[in-house]
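Student: Sequence:
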Amino acid sequence: MRIGEQVTIDINELLIGIRRHFWLILFMTVFAGIVAFVISKYYSVPVYKASSQILVNNSENAFNGRYISSDIDRDLKLVETYSVIIKSPRILEIVKERIKLPSSAALNQQVVISRVKNSQVISIEVSDTRPERAVEIANTIAVVFQSEITSIMKVDNVQILAVAKVPSSPIPVKPKPLMNTAIAMMVGFLGSLVIVFLCDRFNKFLRREKEIERILGLPVLGKIPALSDNEDSFTLDLANQVVLAGNEFAVSRVESAKRRKKEVIRFKRLDSIIEPATFIAEAYRTLRTNIILSNTNRKCKTFIITNSGPGKGKPTTSANLAISLALTGKKVLLIDADMRTPNTHTFFRLDNSFGLSNLLHIPVDIDQMIQKTFVSGLDLLASGPISHNPADLLCSQHLLTTLEYLKKEYEFILIDTPPICTVTDGQVLAAQVDGVLLVVVAGITSKATALKAKQLLEKVEARLVGVILVDPKTNIDRYYYD
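If you're matching positions, the sequence shown starts at 105 in my numbering and goes up one per residue.
Please note that a few of the clues may not be correct.
Here are the simulated PhoX-like pairs of lysine-lysine, each with C-alpha atoms no more than 20 Å apart in a straight line [as the list claims (entries may be wrong)]: (1) LYS153 with LYS314; (2) LYS434 with LYS405; (3) LYS405 with LYS280.
Derived CB-CB ranges, DEER-like [said to hold, decoys possible]: (4) LEU119 with THR445: 37 to 43 Å; (5) LEU282 with ASN116: 34 to 40 Å; (6) MET257 with TYR147: 30 to 36 Å; (7) TYR147 with LEU294: 21 to 27 Å; (8) TYR147 with ASN116: 53 to 59 Å; (9) ASN399 with VAL139: 55 to 61 Å; (10) LYS512 with VAL564: 21 to 27 Å; (11) ILE203 with MET283: 53 to 59 Å; (12) SER187 with LEU119: 50 to 56 Å; (13) ARG219 with PRO193: 37 to 43 Å; (14) LEU397 with LEU294: 19 to 25 Å; (15) ILE115 with LYS476: 25 to 31 Å; (16) VAL151 with LEU119: 23 to 29 Å; (17) PHE309 with PRO276: 27 to 33 Å.
Hints were generated in silico from the structure; no laboratory data involved.
C-beta atoms are modelled at their ideal positions from N, C-alpha and C, and glycine is treated no differently.
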């Protein structure tokens, strides 16, 4: 969270967080309840309560059976005074000596004095771990107070109204296991929600669409499943045969690979063409549609696909998006502008001994540098030999001339570039193309680097079209639709 950013709670994001951390929330809630129940039931010492009552009145008129208002008013005012005297050291010391209690201070903590509903009745409540002793203390206090008040106040207006008795089946007033369990579960649930909220709020990585749109201020154009390392190391020659040959030999190769459970798994990296009915292919079709719709009024042709820092997903996304666009009948060119660590050519098993670096170094025929892929309508301009000064080459006027020429030949030109925050290559290219697609890997791309990438692109006045979210937690097992 940035300094000065207003803290707001998005209910939808909170619900998503609850769903994502459901098992943590459930565990904390149940665990808190179990701990509270076990402690209350088996480890807490039960406490019992006993109560006696005394009545404050005018003894002289009471004997005569007559009460006057002045006596009642006086006795009501005395109730508060008597409540204090009952818990005074003088009374409690005598009680302690009679019952052989260890401390009058501890006894003071056990006794609660209260007035019964604006009456002249004082209730003496005593809590103790033994019900018999609670009864004995409550009755002894009442007796001692009645005998001592005559010498303290020089009056005799106190009568014992009710004495405490030991019930046949004493019920402790605390602990209350069920109530404690319910309270603990509620506290555990609310505490887990606070933890989830704080973890999401102060987490330094981008993870969800709403979060990305709120922080970067850019639309998420597509959500793509991330693939494992094994799925990245595919063999494309078999894919070539499946797509181009269309014969029984190709089909038998696929069936054989499926039985061995090796080569087919490695196709996932180009799932948009190898398995067109998969969830992954549908994700790329959605991305393709959103890009085309966002491009309706501007008629943009050239896009760079980049990310903020090192991470998986960008080359795979570039290749699959290019294939997805070509499958609509568009003429598409994919350019690998990463002249430091070229990778795109490996997707199509094409040669990287010549390409963009050759084109920018020396005047050559551009058509000789472009290679056909196995996908109809999709061509590739590989990176070419690794260059030691790619940023300088990308700043050349020759690149602008080349792009203008290629715009006349292709409907879409996708350029895969190095990370924006790592080197300046992507920033240089961003200023020369029609739009930028920023790849964010959920849980890996940090908020700070993504914001820095956006700032760097804005400095060169690049047009940020939107974000492509690569999410490792997206379900990729839903292969076919009903």
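Student: Does 37 to 43 Å hold as the CB distance between ARG219 and PRO193, or does it fail?
Tutor: Violated, at about 22 Å.
Student: Just to be sure I understand the hint, the distance between the Cβ atoms of MET257 and TYR147 should be within 30 to 36 Å; is that true here?
Tutor: violated (46 Å)
Student: Is 21 to 27 Å right for how far apart the beta carbons of LYS512 and VAL564 are?
Tutor: Given a distance of about 25 Å, which is inside 21 to 27 Å, the answer is holds.
Student: Given a hinted range of 55 to 61 Å, is it respected by the beta-carbon distance of ASN399 and VAL139?
Tutor: holds (58 Å)
Student: Using the C-beta atoms of SER187 and LEU119, is the stated range 50 to 56 Å upheld?
Tutor: holds (52 Å)
Student: Do the alpha carbons of LYS153 and LYS314 lie within 20 Å of each other, as the hint requires?
Tutor: Violated, at roughly 56 Å.
Student: Quick one: are LEU397 and LEU294 within 19 to 25 Å, going by C-beta?
Tutor: violated (43 Å)
Student: Would you mind confirming whether the straight-line C-alpha gap from LYS405 to LYS280 stays at or under 20 Å?
Tutor: Violated. LYS405 to LYS280 sits at ~72 Å, over the 20 Å cutoff.
Student: Could you tell me whether the CB distance from PHE309 to PRO276 stays inside 27 to 33 Å?
Tutor: Since PHE309 and PRO276 have Cβ atoms about 51 Å apart, the given range 27 to 33 Å is violated.
Student: Could you check the hint for me, namely that TYR147 and ASN116 are 53 to 59 Å apart, CB to CB?
Tutor: This hint is violated: roughly 42 Å between Cβ atoms.
Student: Between LEU282 and ASN116, does the beta-carbon spacing fit 34 to 40 Å?
Tutor: Holds, since LEU282 and ASN116 (Cβ atoms, about 35 Å apart) stay within the stated range.
Student: That 53 to 59 Å hint for ILE203 and MET283 (C-beta), does it hold up?
Tutor: violated (31 Å)
When the structure is compared with the earlier hints, violations turn up for hints 1, 3, 6, 8, 11, 13, 14, 15, 16, 17 and for no others.
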